[in-house]
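Just so you know, the protein sequences line up as chains A and B, in that order.
Position 101 (the first sequence) corresponds to 101 in our numbering; numbering is contiguous.
Our numbering runs 116 ahead of the 1-based position in the second sequence.
No lab work stands behind these hints, which were simulated from the structure alone.
The beta carbon of each residue, even a glycine, is placed where N, CA and C say it ideally should be.
Hints should not be assumed to be uniformly reliable.
Now the in silico label distances, taken between C-beta atoms and shown as ranges [what the hints assert, rightly or not]: (1) Lys214(B) to Ser87(A): 45 to 55 Å; (2) Arg105(A) to Phe139(B): 24 to 34 Å; (3) Ala64(A) to Glu186(B): 43 to 53 Å; (4) Arg141(B) to Leu61(A): 35 to 45 Å; (5) Lys185(B) to Ala65(A): 21 to 31 Å.
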Amino acid sequence: MSRILFVMTHSPGTINAQEGFDALLMGSAFANCSALFLGQGLYQLINSQNREPIGGKNYTLGFAALHDYGVQNIYGSRSQLEDTILSPDDFCINVELLADDKVNRLFDSHDTILTF
Amino acid sequence: MKFAILIHGAPYSHQASRSGYLFTRAALAMGHEIYRVFFYHDGVYNANQSSVAPQDEADIQNEWATLGKEHQLDMVICISSSLRRGMLDATEAERYEKTGISVSPQFNVSGLGQLIDAGINADRLITFGA
Numbered sequence: 001m002s003r004i005l006f007v008m009t010h011s012p013g014t015i016n017a018q019e020g021f022d023a024l025l026m027g028s029a030f031a032n033c034s035a036l037f038l039g040q041g042l043y044q045l046i047n048s049q050n051r052e053p054i055g056g057k058n059y060t061l062g063f064a065a066l067h068d069y070g071v072q073n074i075y076g077s078r079s080q081l082e083d084t085i086l087s088p089d090d091f092c093i094n095v096e097l098l099a100d101d102k103v104n105r106l107f108d109s110h111d112t113i114l115t116f
Numbered sequence: 117m118k119f120a121i122l123i124h125g126a127p128y129s130h131q132a133s134r135s136g137y138l139f140t141r142a143a144l145a146m147g148h149e150i151y152r153v154f155f156y157h158d159g160v161y162n163a164n165q166s167s168v169a170p171q172d173e174a175d176i177q178n179e180w181a182t183l184g185k186e187h188q189l190d191m192v193i194c195i196s197s198s199l200r201r202g203m204l205d206a207t208e209a210e211r212y213e214k215t216g217i218s219v220s221p222q223f224n225v226s227g228l229g230q231l232i233d234a235g236i237n238a239d240r241l242i243t244f245g246a
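Just chain B, same shape as in the assembly (with noise of 0.2 Å):
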């Protein structure tokens, strides 16, 4: 099967991601394939490089940081979404002037079309909503 995810929620805000994060593992444990993760809203946030999560809890977006690095994931965070919340990858950053790349590596901004295609191509695209 070939699934594409779509996350809405911010990561430790609200389940969303986490359940979005176990579902993609363990689709990729059982053999499926990941079209492609798409985070929308809140869910940019995923991808926030500078985070720092508290030693007794899940570090969510290091996890999808790693995750996607592991098995080469197509990971992309809405360019819009990300803008207006401050999620600046180096192009972006240097486009508005603004210091500091909150945009992990990992993660590619790139625009609403991306989701949509998504949605064309992949067997199943799944909601992890907030």
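The following block holds chain A by itself, in its conformation from the complex (with noise of 0.2 Å):
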């Protein structure tokens, strides 16, 4: 099967960042897929947020359904995590940090690369 590296970089209040999430859905329907999420993508993952107020949608919450999904591996970069106020608790999933150089590894042990 496929493998599929869905690559997050858009902060959440993007379309980048929803419609990413749509194809990251459709995709493990048909491949093996995996998600990395670095720079501005980690905001992403924060638990306690909600975009109700100021017209999005919370498209987060499906983030919970990814395992359902056969989503089983998402990965962070650790580095460009200290480079933000965030750390693991506050995010809304289990997230695999990375170094620099397993993230580099990701890159070459996938089939197909889809940034979003």
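Starting from the two chains in their separate frames, assemble the complex, guided by the hints.
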């Protein structure tokens, strides 16, 4: 089965983030999918966010269902998390934090990379 | 080489669309195959048939449509991205009772499965992001 890595690089207020998640769900039906959160994308993982008062959709509630969709591997960049004020305790799902060299290896170990 | 092309950017707003077009044209000129061009996010605006380019600028949407016609390219715009941006073909305009058809007939309105399929079946998927 083809291995696809979805790289999430946009903050949760962007359409790239929301439509990226849509693509991840679709991909999980056809391929072995992993997700990698980098940079601003790490903010998508914040547990206590509510976008409804500003006219947004709380699509990140769907992250909890990723396991059921067969997306077992969810990664984040450890070094880029340290550049933020966030910690893993702020996240809504379990994320495996990787050192930079392991992030690079992740790109090599997948057949297709989709960046959102 | 069998390429799939993914365009994330709207014409004129970002370089993504134009660079993707030039890459696709160059790949075809060199004898490569284009498995599919998939337009996502604001990239769906590249299918807008109502756009009018300034006389001294590239006619980006029209050139995509022309390239697609010349080479019989499978050019797909994501349906969920398209609907929320008012990009409707005849079928969707009728379904949602909207006036006006904005999608050029050279483009197909279809689902995200077409993107995943392109990622799996092409030798290389090249993303032009925004």
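Going through the hints against the structure:
| no. | hint | verdict |
| --- | --- | --- |
| 1 | Lys214(B) to Ser87(A): 45 to 55 Å | holds (47 Å) |
| 2 | Arg105(A) to Phe139(B): 24 to 34 Å | holds (27 Å) |
| 3 | Ala64(A) to Glu186(B): 43 to 53 Å | holds (47 Å) |
| 4 | Arg141(B) to Leu61(A): 35 to 45 Å | holds (42 Å) |
| 5 | Lys185(B) to Ala65(A): 21 to 31 Å | violated (41 Å) |
The earlier numbered hint that this structure contradicts is number 5, and it is the only one.
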